[in-house]
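Here's the letter readout for the chains.
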Amino acid sequence: MTHPLLAIVLLPLLGFLVNGLVGRRLGPRFVSLVGCGLPIAAFALAVKCFVDLGATGAPIVDRVYVWAAFDGKEFDVALAFDRLSAVMTLIVTGVGSLIHVYSIGYMKDDRGYARYFAYLNVFLFFMLMLVLGKSLLVMFVGWEGVGLASYLLIGFWFEDAAKARAGIKAFITNRVGDAGFLLGMFVLYQALGTLDMATINAAFASATPPAVSASLVGILLFIGATGKSAQIPLHVWLPDAMAGPTPVSALIHAATMVTAGVYMTARLSGIYMIAPEASFVIAVIGVATAFFAATIALVQTDIKKVLAYSTISQLGLMFVAIGVGAYGVAVFHLYTHAFFKACLFLGAGSVIHALGGEQDLRKMGGLARRIPVTFATFAIATAAIAGIPPLAGFFSKDEILWFALASERGGSAWLFAAASLTALLTAFYMFRLLWLAFLGAPRMDAETAHHVHESPPSMTIVLAILALGSAVGGFVAVPHYLEPLLPLPEIRAAVAHLEPAVIAVSVILGFAGLAAVAYFFGGDGRRAEAAERRFAGVHRVLSGKYYVDELYDRLLTRPLAWVSERVFLVLGDRVLLDGSLHGLAGLARRTAGAFARVQTGNLQLYVFLALAGLVAALAWAALHV
Amino acid sequence: MDKTQLLVALGVALFAAGFVGIVVRRNALVMLMCMELMLNGVNLTLVSFAQRMGSTEGAVLVFLVFVVGAAEIAIAIPILLLLARARRTLDVEAYADLKG
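Just so you know, the sequences run in chain order A and B. Under my numbering, read the first sequence as residues 16 to 640, first letter to last. Under my numbering, read the second sequence as residues 4 to 103, first letter to last.
Hint data in this document are derived by calculation from the structure and do not stem from the laboratory. Keep in mind it's a predicted model, so treat the numbers as computed, not measured. The beta carbon of each residue, even a glycine, is placed where N, CA and C say it ideally should be. Be a bit skeptical, because a hint or two may be false.
[Unchecked claim] Heads up, incomplete: computed chain B residues facing chain A, CB under 8 Å, no partners named:
#1 22
#2 25
#3 26
#4 95
#5 99
#6 100
#7 101
#8 102
Working from the sequences, and respecting the hints, build out all of it.
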């Protein structure tokens, strides 16, 4: 029987074409219908495929057509649906559809309504290409496509130069990572002669691995992942990406696109299984990113920036799981994170909506009773990300902590300690966010306070569904479901008895974060201010985001600008190119000036010259014949 | 010196006289006449060589030169008339500013 794989991918593309070409003329009702209906249809088809996958889990493959064929090799545009891509497809279409529906309310009065939905749909199209692609080539097309959609949506309000610049920054930072991804693909193709991911995994898992360093390939591909998934050192674009509309931040910069790096490394786990060095690098980068992003999130005052750094931090934790070989656990956290982070972003969007565009936490407070649905859902999602049992985040984060300690493939005490500290910081900054936004005394001006209102049902219902997912999503045993594809690593015998202790630690960390927030921000928040004054130096560094942007500016942007200004513009363009062309033109003009003197208007001179020429020609002919 | 040589020498002399006339004289009409002189010199050599070779091609070519020469004069005289009317002189020096 045929499977509707291609239809899953093409439905959002159809939505993009319809909304992009004629959406403006057809009116917002039609745009909403097409823009939300088609992703929901894609979700329904994905569910059908998921059911078809059944108990066996044999991948469904759909070869759409042969893109290119040479040297006896064929490059297919082929889609593959196995358990891993099933999980991803369900997240992308499911959470994606919810966020589309939410956008109806959030973007209601925007002038670019049709354009917005067209971009969202094209994002879904490329994201589905990315997760369903059978070969790295198709995945790369999706990979670049989501980057484009991300750029378009970050700079959606491009009249604002800062927002347009944020889009450019995201795009360019991702290019750096993509260069690594491309190099990894080249090396793989050189060594194996194929880009088909199943073949690559099988080749690396076989008894005679290919004659190429798995660590080299692994690290090159991981460079691509650091770009897309905002890991150190390419994390700088994600906080700025918050310039886009809030549902975009929820969909692209929290739930789906930024997890593409995690998905890619999990998908190519065959390489990382025999690349301990690359895995170690991933674990270190992951835990460093998780920790540093969490510390920055402690002091941010923009509600979306806190969530952005939280996303970077959570992605870091996923890479810790990848680094210790627990690929299924990474995907599990990806899955729970999609729920609670989408819920948090959409909740933040609802808060911003209620306050008429205000994003500064210092001007919020006391919203709990004014917008109760938003508060309730936001609180559930916050508890979930903080790791309060039995919410979704608890299960996935606990498993990451456990494997960081106990995995046979690089688990260690210091990795566990750093990840646990990150978990504590996570609980702290998330409850701080909740406290500052919803509890305490209102700090907004009277005008804004008067207009606070709960969001329309299209938004609150979505929030409720996502909160439900954040609450119970953890009971779905994703790692177990993925185990035939992504086996979990062995447990180190020395620490096997510590599992209950790790669970206890992760529970305590969640509540400790809550307690600390209650201590610092309870009452009138004087203790938080005192702490801020006490550690003014640290606070400044954290508020300045470790000055990474400034460092890149000094180290890269300014030297590059200097080189392009001095060398390429002044020396290359003005002196070399303009100089040589102007020189040639000047030579021609001067020569012409010299010859123009001969043209006197004197007929006799002309005749004389003509005859002289004739005689000269004859003389030359006579001498040479 | 046989007849052909003589005739060719005459042709060259006619051509040279015409050329010198064009180069040294300033009167446009005289220059035109000198041009005709050069044409005649050429015609004479053509006819002489044709006679010598015993073929008619050279003689036929002369008719072409006649026709072209007549056409040229038919255009040149009106131009000169217009110039003379405009400038009130036939001195070619006066026309030097026509060089463009």
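- prompt: Can you give the numbers of the hints that this structure goes against, from lowest to highest?
  reply: Hints that this structure does not satisfy do not exist here, as all of them hold.
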